[in-house]
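With chain A held as given, fit chain B onto it using these hints.
Number of protein chains: 2
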Amino acid sequence: MPANASPDRHHVVVVGAGFGGLETVHHLAGAPVRITIIDRRNHHLFQPLLYQVATASLATSEIAWPIRHLLRKRPEVTTLLASVEGIDKEKRRVVLDDGSTITYDTLVLATGARHAYFGHDDWEPFAPGLKTLEDATTIRRRILVAFEKAERETDPQRRSALLTFVIIGAGPTGVEMAGTIAELARVTLPRDFRHIDTRQARVVLIEAGPRVLAGFTEDLSAYAQRSLESLGVEVELGHPVSACTADGVVYGTKQLAASTIIWAAGVQASSAGEWLHAPVDRAGRVIVEPDLAAPEHPEIFVIGDTAAVMAPDGSPVPGIAPAAKQQGKHVAATIKARLRGEITQAPFRYKHAGSLATIGKRLAVIDFGRIKLRGTLAWWMWGLAHIYFLIGVRNRLSVAINWLWIHTRDQRSSRLITQGSANIDRR
Amino acid sequence: MPANASPDRHHVVVVGAGFGGLETVHHLAGAPVRITIIDRRNHHLFQPLLYQVATASLATSEIAWPIRHLLRKRPEVTTLLASVEGIDKEKRRVVLDDGSTITYDTLVLATGARHAYFGHDDWEPFAPGLKTLEDATTIRRRILVAFEKAERETDPQRRSALLTFVIIGAGPTGVEMAGTIAELARVTLPRDFRHIDTRQARVVLIEAGPRVLAGFTEDLSAYAQRSLESLGVEVELGHPVSACTADGVVYGTKQLAASTIIWAAGVQASSAGEWLHAPVDRAGRVIVEPDLAAPEHPEIFVIGDTAAVMAPDGSPVPGIAPAAKQQGKHVAATIKARLRGEITQAPFRYKHAGSLATIGKRLAVIDFGRIKLRGTLAWWMWGLAHIYFLIGVRNRLSVAINWLWIHTRDQRSSRLITQGSANIDRR
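Residue numbers (the numbering used here), protein chains in the order written: chain A, 1 to 427; chain B, 1 to 427.
Only chain A is shown next, with the shape it has when bound in the complex:
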């Protein structure tokens, strides 16, 4: 055991190696602590680019890295691949899936969120969401298999359903998915098929609210909608979906036959609130104190998508990577201050750097508050920002090469159907 992992050091346990958890560990470097970081996956996932795996642009290994490898130069940090089953707040310990426990002095819960179906969990098999690498390869397989089946299908109605792709929810993920699938069908695939014209595929983006990208200003929303429509996406606003089945979707008074449905409409926080028996908001996020601590437990912090936090202007802090990172940094600062003997409950203050969303090839919208950008320049800024934030020089290079390739050659490098490939449905 390394000297700086000595058991009498203050023990910080971090659950979740997403943006918030890793940032906490990062900013605790040099502090007189030992750290255990627990995740049920072995990899940190760059979620903002997950839709590019789902649409066959990037390989899984280009947006995910082994957590323990990211932390290999931190001998005081132990990485554990394990699921947390609960928390014993009185004895200050975390209970793992194998029944073993880990005692903490300070606990940081950064366990993220899953997509949610608002009480319609039975829709999940027909309308998978996009949160994990497995979600992304599942969606990729469904999209690619739909085109493959359409190529073999002789019945025009069934063929049309196979070539209809529905995305539910027009937030950034929904808009990105719709734009990219439209490009896949119109630009990448046409020459590869003989019996179908992939350009006739329908991509339908359904949104319950009155506009796409509701988090942006109205003119950026309108621009995004026009851009989507010019890519061939049908945008259906003001229609909550009332059913998802193997045959398609029902929204408003309309019924649409579609074999591929993708859910991008809502998220639900992880189980942190249940573990803590703490008050949660409607999305299951723990309502934290201004310093991000759990109520009555200053030694427990909850950050990222699993915490309900207010920005200084009274609006809720959005569930995006920069917000989680700022919270991780804040918590690390609080822990370090306390270890220096300060009694601090300094409130977290969210600084919104800006909102970004891509619409498709070389089109994006960016809202920096006073400055608003749209179009190709915005896309390049979006691309540079994401490449810059990707962890690790190598992947930065590899992602950059891949993008360059895609955007100069209209190819997709990762069009692989795996797992379900041998089991083509029989009908």
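The hints are simulated quantities; they were obtained by calculation from the structure and are not laboratory data.
By construction, the Cβ of each residue, glycine as well, lies at the ideal position given by its N, Cα and C atoms.
All clues stand as given, with none of them false.
A few chain A residues that don't get close to chain B, going by computed Cβ distances all over 12 Å: (1) D105; (2) A353; (3) A385.
Derived CB-CB ranges, DEER-like: (4) Q157(B) / P295(A): 42 to 50 Å; (5) W380(B) / T376(A): 38 to 46 Å; (6) D122(A) / E229(B): 55 to 63 Å; (7) H297(B) / S242(A): 51 to 59 Å; (8) H26(A) / R158(B): 28 to 36 Å; (9) E229(B) / D88(A): 45 to 53 Å; (10) D247(A) / F118(B): 41 to 49 Å.
The following block gives chain B in isolation, referenced to the frame of chain A:
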């Protein structure tokens, strides 16, 4: 429908888009035929590098490409994602999984082989083989999860079993797997773990025969064995395995507790022989005529790993990519000659270019017949040859970058545990 896909053209149906099938299609370019190529996967797989996916060096998309994309510039070629269920030789048609049929004028069966357990199919769950992308990600997951579990295990005996990796069969695949796992444990992983010393992992290569790489000369075999041992691999020769269980393996009179077992000991041809009701050899390969046609059916050819063919010197043609490609080229030439009106049954003549196997980092053996190479130079030749043969400029570049990265930084880019990651066994 393109003019050159007219239904009155001679119809060549190729089943299987491996090296043999694709080469047949390639050499039929310009011939007055229409072609349908059928595969139950959507991708062509560069099998010689599959072990690098299994050992986390390469990503799946770096060794596999969508078949229809490879053939996009051939309008006379139709690609079908489908499973073949049987062949009606009298009516000259192929029966697909959905009950539909495809009529052929000439049929080429290039359906490859699967790993085989010599009557011990019950070993498969404990000792997966390596033939598909899914096999590779399964093995990768098992290897990585074993290290993760060992990090959490406190019982020394169980920890030792978790850190024991058994490879059964010391042909090229077994030797490559053993050498690469040894490097993973000794070079790549040590800094990433806190509770275990991954360098103490045991890698045991078990072979029933008297030497490793039996297809090579004795001195190259001896060199390969010394190289493996210097990497820390334990080589156990002359011991057939008599049991594979969840606890480990039994070989000779020895019992070895191991949680990871990899099968590299034998292959069995695909079902082509059953479809044809044709005589097969012990490994299930169709015993073909000298021109690679099925007995009594000059319009059906069987090539690659699913055909039993003799070389001019009377030895069996090995199940390697160059052999399959030569056969594909030969069959295409025969088809073209017949379409010109020639009555030909020209025998296939195999030309052995050489045998190559890597042992680990910068070590390989090459047998060109008169010229034999070993060591670092052989490794570079092996690497160059494989990069050269990889299909597609982009992947050539990407694989080259990845290798350069691995061999200068001792990193592995694709250490992802997917699919089973959330379901860590509970004990």
